[in-house]
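Trainee: Chains as they are written, first to last, in this note's numbering: chain D, 4 to 120; chain V, 351 to 500.
For the record, the hints were derived by calculation from the structure and aren't laboratory data.
There could be a bad hint or two in this list.
Stated by the list, open to error - Computed Cβ-Cβ distance ranges for the label pairs, DEER-style:
#, chain 1, residue 1, chain 2, residue 2, range
1, V, Ala449, D, Arg99, 28 to 34 Å
2, V, Met442, D, Asp77, 36 to 42 Å
3, D, Arg11, V, Glu479, 52 to 58 Å
4, V, Thr485, D, Arg89, 33 to 39 Å
5, D, Ala26, V, Glu479, 49 to 55 Å
6, D, Gly81, V, Arg358, 30 to 36 Å
7, V, Glu436, D, Gly81, 32 to 38 Å
Cβ atoms here follow ideal geometry from the backbone N, Cα and C, with glycine treated the same way.
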Amino acid sequence: MKLAEIRRLLDCDVICGEELLEATEVESCFAADLMSDVLAFSRAGSLLVTGLTSLQSVHTADVADLAAILFIHDKRPGAAVVDVARHKKIPLLTTRRFMFETCGLLFDHGLKAAGKD
Amino acid sequence: MDEPVLYRESFAITGDDFEHGGDAAAAVKLVMKDLGLDPAIVRRLSIANFEAEMNVIMYAREGRMDLLITPNEVRVVVADSGPGIEDIELAMQEGYSTATAEMRARGFGAGMGLPNIKRSTDTFEIESEVGRGTTLRYSVRLERPPNGTR
Numbered sequence: 004m005k006l007a008e009i010r011r012l013l014d015c016d017v018i019c020g021e022e023l024l025e026a027t028e029v030e031s032c033f034a035a036d037l038m039s040d041v042l043a044f045s046r047a048g049s050l051l052v053t054g055l056t057s058l059q060s061v062h063t064a065d066v067a068d069l070a071a072i073l074f075i076h077d078k079r080p081g082a083a084v085v086d087v088a089r090h091k092k093i094p095l096l097t098t099r100r101f102m103f104e105t106c107g108l109l110f111d112h113g114l115k116a117a118g119k120d
Numbered sequence: 351m352d353e354p355v356l357y358r359e360s361f362a363i364t365g366d367d368f369e370h371g372g373d374a375a376a377a378v379k380l381v382m383k384d385l386g387l388d389p390a391i392v393r394r395l396s397i398a399n400f401e402a403e404m405n406v407i408m409y410a411r412e413g414r415m416d417l418l419i420t421p422n423e424v425r426v427v428v429a430d431s432g433p434g435i436e437d438i439e440l441a442m443q444e445g446y447s448t449a450t451a452e453m454r455a456r457g458f459g460a461g462m463g464l465p466n467i468k469r470s471t472d473t474f475e476i477e478s479e480v481g482r483g484t485t486l487r488y489s490v491r492l493e494r495p496p497n498g499t500r
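Chain D with its partners taken away, still in its complex shape (with noise of 0.2 Å):
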């Protein structure tokens, strides 16, 4: 799925990376707002769903290779943190939707769970 179309799915406001959307496919999702559980479990390549704003998300997209990171509850990083994701070419995005509905969506629409078994 492109991140285009999870923005158009979840209605998200795009805080950085708005041309980088298109080209990037994600096949997979990992949601959790502690970082120790992404750093531990998630596959390269997934989507990062979390409420967790802080430049630590940035950084554990950034070293566990994640695609984007797609904040919930209308949730946005101060702008230090944007100028990180900017320069990592890591888009971040936020919906206004909370993560049970959030994740449900991405699974229903053929998003895969990143966690490795």
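Since the structure of chain D is provided, determine the placement of chain V on it from the hints.
Mentor: Frame of chain D; chain V shown alone:
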């Protein structure tokens, strides 16, 4: 024993500096990418480095991350002057944590850092002295040498 050193750099880490938590791991990642290391290995080491860096920021006053790359492996030493770990065996157990609310609010401090580092690396050693600090030594073997070397 005396392997050629392809790259060596030391990164300072400041305790409690959450606003820069992850900068050292990100910088090391760029070095490894520039040397053309296998992306899967870069990912494993970056995950270990980020957890180790966050441990220093969360628990210690200051620390260093020393990176050493040879044709055969990447070696990292993360040493801090912090409180030390009283019971290493306990600290290595997934879920054991002495984290504060701020640490948890940053997405860390769930007792997964040390196990994650061990899981992501080929060798892992930890030394700690209460009141003095903690030193982690870990490495990942390279299947093929970095760019421009054999």
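Trainee: So which hints don't hold here, by number, going up?
Mentor: Every hint satisfied by this model.
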